[in-house]
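Trainee: Listed below are the residues making up each chain.
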Amino acid sequence: MARRREVLNNRSSAEGQSERTARQPQWVGEFIIVPIVYLGEVALLLAETVRAMFSERLRLRQLVEQMDEVGVRSLLIVLLTVSSAGVVLSLYTAKELATRGAGHFVGWLLAYTIARELGPMVTAIVVAARVGAAFAAEIGTMKVTEQIDALRSLAVDPVAYLVVPRMLACIIMMPALTMLADVSGTLSGMLIASTVGVHPNIFLDSIRSFLTVTDLAVGLIKSVPFGILIAIVSCHQGLETTGGAMGVGRATTNAVVLSLILVYVADVIMSSVLPK
Amino acid sequence: MEKNISNEHVIELEDVHYSVPDGTEVLSGVNLNVKRGEIMCVVGASGAGKSTLLKLIAGLLRPTSGSVKVLGVDITFLTERQLNDVRKRIGVVFQFGALFDSLTAFENVAFPLREHTNMSEDEIRERVFELLDAVGMRGSEHLLPAELSGGMRKRVGIARALALGPEIVLYDEPTSGLDPIMAGAINSLIADMRERYGVTSVIVTHDIHSAFELSDRMAMLHDGRILVCDTPRAIKSNHHPFVQRFIHSGVREV
Ligand SMILES: Nc1ncnc2c1ncn2[C@@H]1O[C@H](COP(=O)(O)OP(=O)(O)OP(=O)(O)O)[C@@H](O)[C@H]1O
Ligand SMILES: [Mg+2]
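Residue numbers (this note's numbering), protein chains in the order written: chain R, 222 to 497; chain W, 253 to 506.
Derived by calculation from the structure, the hints in this document are not laboratory data.
All C-beta atoms, glycine included, are put in the ideal place defined by N, C-alpha and C.
Warning: the hint list may mix true and false statements.
Examples of chain W residues lying across from chain R (beta carbon under 8 Å, computed) [as the list claims (entries may be wrong)]:
| # | residue |
| --- | --- |
| 1 | PHE352 |
| 2 | ASP353 |
| 3 | PHE363 |
| 4 | ARG497 |
The following block holds chain W by itself, in its conformation from the complex (with noise of 0.2 Å):
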């Protein structure tokens, strides 16, 4: 399980807070490192602030302490503008999809391409089917994200985000409502990724499974800080209750 994990850091969260507008705060002192190439998931109950630990690492969000540093920038204070050099080498799949309600499947996927590279139509048009491929989704790409079923909608999303061939990819529920199979497909791309190409993923998710089965080391945040950080093996003989309970009642609940 180790190859292809460096021991250089492509992203570090040192003493991150985190306060919502209204001033309630879901983060509270969040440290946490991942190695070039590693496969991180993030566990925690519903409501936990997972969805906003993502964010943050993508420059979506802004701290209100502390600090994040993604592929050896420091993108605490910078503009969006500035931004935009890091989150080109990111790539976001989001809880939902997020997907572009105005465009098609291929559009979607064709979007960033079009935005950031030089490619011809042809070319652009291999690249997309190759990723609809990649997720299952060959045949669909003419349809509105209207048309398509949430889990079709996370596939197509995570096509996007792997289009430019980003260094590191934050995952937010990847498989949630996907059936068993798509489950299984959408893990081993995440692996063949890291394999192939060297990617760094974060993965949030609440199939505790696969979350074991396919990371390197598991996070788990709880009570607005990471409870404990290690590898599936380590978490598995972890003493401390909250872990016995989650990892064996399995899912959301605390």
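For reference, chain R alone in the conformation it holds in the complex (with noise of 0.2 Å):
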């Protein structure tokens, strides 16, 4: 049995190559062929998701323990990193812009960049370290210890039980903490501000009259597809994990690595398709 195993792995790696070589040069499959068959079989879990979020109910106690993971779990992180941000955006450019003049654009700058970009994208980064991160692992594990077959085997959906859930919850939870992080960072960045000498009232009337009611939409809209890449990536990472302990660690580490490139690429599309 063994001997036979041994050849049959050998006959089929063996044409595997000599096909490859003969076809096409190997960066084809790597770079053009890997992407395409990666990004089709993602866009095919998103379409079950959203087939599995109409066609079956809703798992309610799931939705509200993944709103808790992906919002309040992570508003704290997000709002300190999105202020540090603030903070040092405003140390940079408040005094400068005060000595030359320039005082009552601040406000508008800093809530401007907040709002159409750094809110948004710091807190995607942040969600799908943390979060995407945890869908991950907490898939993976599923599906290594056979509770994904565990689901199948007692007519459970693991897409509508696992994967509906969690991508609600980022959809629920992203702009609503893009929100708060927009308004901390801004608060934070005026109170540097006010430290040399752009007075509260000046920054906050800047903003009052540049800032446009379309930047703080568009990041907010911004943050919604980031929510869904995070999701169905880390999920879709989740789900095709093989190979015990090992390949969970696989699978989170590219969890993350993917939903972020995913993010900077929907970021720039977005960014140059919303209005200005």
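Two chains, two separate frames, one set of hints: put the complex together.
Mentor: As structure tokens, this is what we get:
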């Protein structure tokens, strides 16, 4: 039996190799085909999730649990990160502008940058690292310990039970987190600005007169696709996990890295398409 | 022993081949029929493909070729959603329990009831306690799987598989890792399920003695095929050298 297996293995791998080298250079597979196949798989999971979202009953308990995980438990670190970005941004710009007599632009500059880019982006990065890793690790562990098979054997669709609540939680919580991040980032920027001569009243006036609803809306709108990407990519990594504890580790790392890459790409696309 | 067995085949495997993703053929032409109410033990060396066989019957894996019929339905090409109707009538006991980590023992057993029935919380409680009693796990219902021993996990897994009152139960080594008394209790539970509800059981086991005692027929998996499938008595007098070696040396190795 063992020998037969070896022979079979050798044959199939040898065949695969010769086919590949005969038809195409190696890089075509690695840099073109693999990403396309991967994106196709993610798109299929997204379609399946949307179908399950509308055709199956919603697991409210799972949804609340995940909203807690994605929203409440990420809040502190999101606020911290965005606030520190707001502080640094303010440190670099407020004094410079104030000494050149452009102090009344500081509030707008900060609020605009944070609302449009820093808020949604930093929130997405923090959530990808925290929540994406958690999704992939939890679902991946379920996969390698046959809990996914157990769900299927109990006639429960793993996508409806695991992926739908996670994606919904991300869709709901990402704009909420981004909103709070915007506020705390701007306020901490204001605090710093006030120490270098930009009075909070001037700062707030500047926001009131120059920042538009569109600026805020664009940032909040962006955060929804970010959330969808993070949830689907991480759940996909989890569901595709093989190979024990090591596989779970690999899935977790991949989930974070791939989520981030796709978030960056989506950010560039959306920033160029959405109204300026 | 013949009572409660009908002539209707509830599991029919025809020339089933199965290869794992890397191309290794694990099963190469399995033919197996199980009658309603029958207790069928599947034995074979470690790595012979017994767990794989159960997963094929449960529709968790798809055969590379051949056909699998369960409860009169050809499940070979069914989609996941179509499979669910059949799966509700089958219970699967996984080799390592496969309990849901985040749920307590109680919630694990209640899970299929909450998903697929309209039972009230009181009715669910009653049913779960009845099932936990049957596997000797009453009193540990509030523990998480991480707080249970291997044998305890397996017993909760059995309770969960029986929750919906399935017509077929597939057991993957239900008694391995249990002490002899508990193993005996599980064996009588399996027999009892047949006596009372006419449940069909397919049991993968390394415990050759229980297999002889419990089963109506035994199937011996060897080299990707069913080497023999017969009553325990006929197996004992089978002269095939592998069969003799297997039943005399007792357990795992070839
Ligand atoms: N995902 C996989 N990739 C590669 N090989 C696999 C995979 N799953 C199972 N196998 C191989 O399939 C064979 C059958 O595995 P299976 O788990 O069905 O054995 P088993 O009879 O249940 O063994 P045991 O009695 O030890 O539980 C093994 O030789 C194993 O190496
Ligand atoms: Mg096994």
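Trainee: Given PHE363 (chain W) as an interface hint, is its Cβ closer than 8 Å to any Cβ of chain R?
Mentor: 7 Å, holds
Trainee: Identify whether the interface hint at ARG497 (chain W) stands, where standing means a beta carbon of chain R within less than 8 Å of its own.
Mentor: It is violated, given that the least Cβ distance between ARG497 (chain W) and chain R is near 15 Å, above 8 Å.
Trainee: With chain R as the partner, please determine if ASP353 (chain W) meets the hint condition of a C-beta pair closer than 8 Å.
Mentor: Result: holds, 7 Å to nearest chain R Cβ.
Trainee: Taking the closest Cβ pair, is PHE352 (chain W) under 8 Å from chain R?
Mentor: Since chain R brings a Cβ to about 6 Å from PHE352 (chain W), closer than 8 Å, the hint holds.
Figure legend: structure checked against the earlier numbered hints; the only hint not met is number 4.
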